[in-house]
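First to last, the sequence lines map onto chains U, L, A and F.
In terms of my numbering, the first sequence opens at residue 1 and continues consecutively.
In terms of my numbering, the second sequence opens at residue 1 and continues consecutively.
In terms of my numbering, the third sequence opens at residue 1 and continues consecutively.
In terms of my numbering, the fourth sequence opens at residue 1 and continues consecutively.
Just so you have them, the derived chain A footprint on chain U, three or more residues with Cβ under 8 Å:
| id | stretch |
| --- | --- |
| 1 | 23–31 |
| 2 | 96–103 |
| 3 | 291–297 |
| 4 | 323–331 |
Just so you know, the hints here were simulated from the structure itself, not pulled from any lab data.
Note that beta-carbon positions come from the ideal geometry of N, C-alpha and C, so glycine has one too.
Number of protein chains: 4
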Amino acid sequence: MRLKNLFLLILLTHTFILNAQQRKEIRIPDIPGYVTLKCDFHIHTVFSDGSVWPTVRVEEAWLEGLDAISITDHIEYLPHSADIIADHNRSYEIALPLAESKNIILIQGTEITRDMPPGHLNALFIKNANLLDRENVNDALREAKSQGAFIIWNHPGWKNQQPDTTLWWEEHTILRQNNLLHGIEVVNETSYYPEALIWANTKNLTIFGNSDIHSPINMQYDLIRSHRPMTLVFAKERTKSSIKEALIGHRTVIYFDNKLIGKARYLELLFFESISINNLPMNLKNQDSKSVLITNNSDIDYDLELAQPSIGFECPEKIKLKAHHSSLIELTGNSDEVNNMKNLRMVYSVTNMITEPEMALNVTFEITNR
Amino acid sequence: MRLKNLFLLILLTHTFILNAQQRKEIRIPDIPGYVTLKCDFHIHTVFSDGSVWPTVRVEEAWLEGLDAISITDHIEYLPHSADIIADHNRSYEIALPLAESKNIILIQGTEITRDMPPGHLNALFIKNANLLDRENVNDALREAKSQGAFIIWNHPGWKNQQPDTTLWWEEHTILRQNNLLHGIEVVNETSYYPEALIWANTKNLTIFGNSDIHSPINMQYDLIRSHRPMTLVFAKERTKSSIKEALIGHRTVIYFDNKLIGKARYLELLFFESISINNLPMNLKNQDSKSVLITNNSDIDYDLELAQPSIGFECPEKIKLKAHHSSLIELTGNSDEVNNMKNLRMVYSVTNMITEPEMALNVTFEITNR
Amino acid sequence: MRLKNLFLLILLTHTFILNAQQRKEIRIPDIPGYVTLKCDFHIHTVFSDGSVWPTVRVEEAWLEGLDAISITDHIEYLPHSADIIADHNRSYEIALPLAESKNIILIQGTEITRDMPPGHLNALFIKNANLLDRENVNDALREAKSQGAFIIWNHPGWKNQQPDTTLWWEEHTILRQNNLLHGIEVVNETSYYPEALIWANTKNLTIFGNSDIHSPINMQYDLIRSHRPMTLVFAKERTKSSIKEALIGHRTVIYFDNKLIGKARYLELLFFESISINNLPMNLKNQDSKSVLITNNSDIDYDLELAQPSIGFECPEKIKLKAHHSSLIELTGNSDEVNNMKNLRMVYSVTNMITEPEMALNVTFEITNR
Amino acid sequence: MRLKNLFLLILLTHTFILNAQQRKEIRIPDIPGYVTLKCDFHIHTVFSDGSVWPTVRVEEAWLEGLDAISITDHIEYLPHSADIIADHNRSYEIALPLAESKNIILIQGTEITRDMPPGHLNALFIKNANLLDRENVNDALREAKSQGAFIIWNHPGWKNQQPDTTLWWEEHTILRQNNLLHGIEVVNETSYYPEALIWANTKNLTIFGNSDIHSPINMQYDLIRSHRPMTLVFAKERTKSSIKEALIGHRTVIYFDNKLIGKARYLELLFFESISINNLPMNLKNQDSKSVLITNNSDIDYDLELAQPSIGFECPEKIKLKAHHSSLIELTGNSDEVNNMKNLRMVYSVTNMITEPEMALNVTFEITNR
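Build the full structure now, drawing on both the sequences and the hints.
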């Protein structure tokens, strides 16, 4: 059968075959006084043991909606060195022009890669990675510090280095004392280290969640239903120096598989900036029911569990606030007390916002009654 | 709020974040006498102008359900040569061990990369790509031939080389006469060249649809809703030598964005091996209606349009046979003639099976009546 | 094998099986002075020839993010009357309490169902549908008018009533003259009637796109990748009376399968309220390239085609602004003229915003240079 | 801008807006000697407390790939009786013609709806539901039995009737003794009752998993990522009488949110009919690694955990066999013993195949070595 125009046109449009070359905007709100930057500070390329060219890392970051990345190829582990002849600054140099044209903030970094202790450490904001190629790890770290580096202990609970336990070593205490250690990965790739969260809280380290991606990002993470682990940075502005200032100021939260990990004050701000509450004229009486509509304008699904019995009325045991959806929350007066309450108070635990191991953020809703 | 066990366990399972590391089986049927192998004969890596390490190409092919690939890095175009020092066989050597462990057939190949004419040509089944690095393209092709190469003209209608028209050059006639040209890409990446389909039919060239992928495959193709372009090879068995024999025998069909392009006899076999027809006891009478259930067991959505009026009964103008779904086709007797028909005959055009430019495959259904 | 706790917990959570009972917020912006209400004014239930209980219509509307609906069961066509004994107000009465508790604006309506001319007409904002059950259609319409109805001609190009052409009848002229016809469906279910768009423009009728849904909504529309047809109403506030005032004021746009149909002034406002433009410090010179980032904050994918050659620089022929994504638009200076231009002007046609049949909206971007 | 042909054609095709009206084939294999029928024996319509017309239930079943359903409207609970005047056979009568034309097996049924004990009971394969409308529940059940009914205790752990515990009552023992109780729902809607699974095993009741759907099916179940609960029936043929024979013979398995619950012998058959094992020529030696490819041809994701240490070699602790995907399982020789083993034996627990509460099916793979 001779085909008509229609078919040929369809043949040429082939909408599906091409993957979108557009940047997905991540909807996580800013908080008062700060922009919330989406960052990944641990990334590899073919210039160490990764499997993609440095420009791919910029392209991926752009498509996924990141603001800033650091390519952190290993100094000491170069399995492709039979084929790739380049110095330690090369992956940064190759990625930089594309980062500039795409307005991705590219932070020069490298991974100092040693046996435990002290294990693997990322030096960010360096100027010349070649000078960190030193036999003694302390020499490397001091050189990094002299370049102004911010230094992170990576995957402290990595099974290859700490198969049975996750320990803080004497060497890390010394590094901390010498101002050679500033942050710690609480999340690396698909691993979460609760011990590291405790250390961060007690030893005043900045917390990080990074992808440590080696392969093309899509091979490791399901970007349709989830996202790569990332570090949310609360920066004064969207610049490299503001990011550094924020890291020094411990203003980070980890975004990991629809969970947020960090200080209660930042989590609470993120939560309340994510939602809007819309109640119909509310005049709740005993034996009466009224509804509150809560709209979640963020990309994060929030899971709430009632943390304290509400007084004067009943409210749901569990609330799911799905990303970009609204939930209707029904309140039912269960004592005469409610008839004269000006505020209806509900305290929920947001079970996917974590402040300490096994501890979730509590949030308090105050609904005006009448 | 102190979290209970439930949450921690969920935290550790994080089902979503990890992308599936499993091979998606492509459901396109074998045809009588042959296995249908899913192949991509045009692929790049960092060893020419691609952006991934060769092992990534094997991993991608495995995940997508391919049987065979050829990595065809350019001989003459090596933009990463400031950093990568390797000979022309290197990407094959690096990919081979992984291909063997994953049972992916890896065919050594290379792309001879010249101005038009003759343009870019892939030499497949070669043994030493270094010997093809010759100043004169004919020397390169003769060397390829002496190694037993199967040679393909790539993207003959590429706008960079033929901006306004798609021409067959005198040089290609000479190559064909000298047995230095055996196949042609009718589909390359997202482009379809109808002229090439005509040439293949008139000059007896084997047709190909290849990805010509440079970036990570997910960046270029939407693998959720579509698939990379590929060449279906009807081989006697799943081996490298059987593939070569099939290419020489012109036993290929192009699978491109839910369309199949090729010889009518292969398309017809693929179509009828894809579907099963299940009619209830059918005894169609005039003014009566009966249904036929057609199940499509393949990954391909078939679009059918009635190509000839049916005799004695009416049937739908259009039928959509969605992949892995069934359609109920209603037949309604419209003349007394139908009362005594032993066979109900319907001729449809499958508009996404293309035999020539603007020509779709016609298929005939014979439904037993009574 | 005895299962551990993990499994049992997973068994009890079964995240997947339950469909979300949450309202998806439709992201289509308000325009200056008005809220953009998402409305569907043509809906059926079991109380005429639909297949769901009236409460289902409210539930569906809530889940899909609609603001207002009208249930418009037929007066004259009651195929379930052997089983359902109820008057014409009943579906409204049943739906109303749920609509109130879910804050969905429910507009009482009915469909006067006659042969052509005048065909089917929806009477909205009525008070008693029973009084419209009159033998003479003009009596019915006059009764509707006396109740304050807004009257719409439904699916004017319906093939069952106008198989070969889509005509405006003398009867419609008379209805219009007698103020018994105020609006027209340009889109009904999956049909678009370009003739009706012309009539609306020339005869000053309010345009509508409605679902005319009979089955459960998911059976007819793909709510994952698309949406039901709806009428966007630009209302002063989110109330029933504001909707009526807006309909009388012709302030509607049709939202149909990712297309918007309506007056240029409303489409232009919707477009520019949907996007944000973010250019880096731009100082475009001849032979230089700079980028502009356009972010689409709406649910609508916009397709742009260059409508006029730009002066002093080149810009893309086509731009796709995918919903909730950003596109980087590259501008390249191509004459010295650009060096001193304070504004870079680009005129694009938004091909999925339709003002007249075969006519798309033109939008002009003015980018500050320097 | 005047649009060209392209746009208008696209406008008319609108591929997305229409939901597929095609039947999704459920890929769960037959087992030797039996066809595996996908059935749902607990369904409501507007003729009791459901919210859809009976034909919708047939349409839904067809689209979802079911073979048989029973509409089981309540005898004693008719909340729509102010509007719907019909006898208890009516929903069956209305649904039957469509079921026949779509080749869906429609089993007449009803739900006898009483306080606990005995609670709610479905009578299937009845002939006249009106005769079951009796004051005394035993009279109703005896009438059902006299019509040849198969009787199921529904949702035995329903919180409304058994808020704190899930008990088997003396009354149920008497019903069982009088042959007035033949089956039990172990799964109802989103609830799983482990107690009922124990009772089924000890008291020889046929097990059921049913949807108990009241709303449109899409409102309750996520049909994209999961499926409604259903009862798999192993029948000699695809007929109503074969289903009845199979129910009497206890040949059922529950399919619930990607889990299968039932007798070990049926689960094991389903598992091994679902997969194909393809190992390369295997000659595993100590310190050597070889791979086995397991392809899962079913719609069910299987989760495997090693249940016994393998002898002579190591194999993965966990295996995920994703639906329609293949997994490569690596075996590594860890003792000289393996050098001479003719069979490599692996015992895994399939954690989503449940034979008893907290007990998963063990499956044994025997891989030929050499």
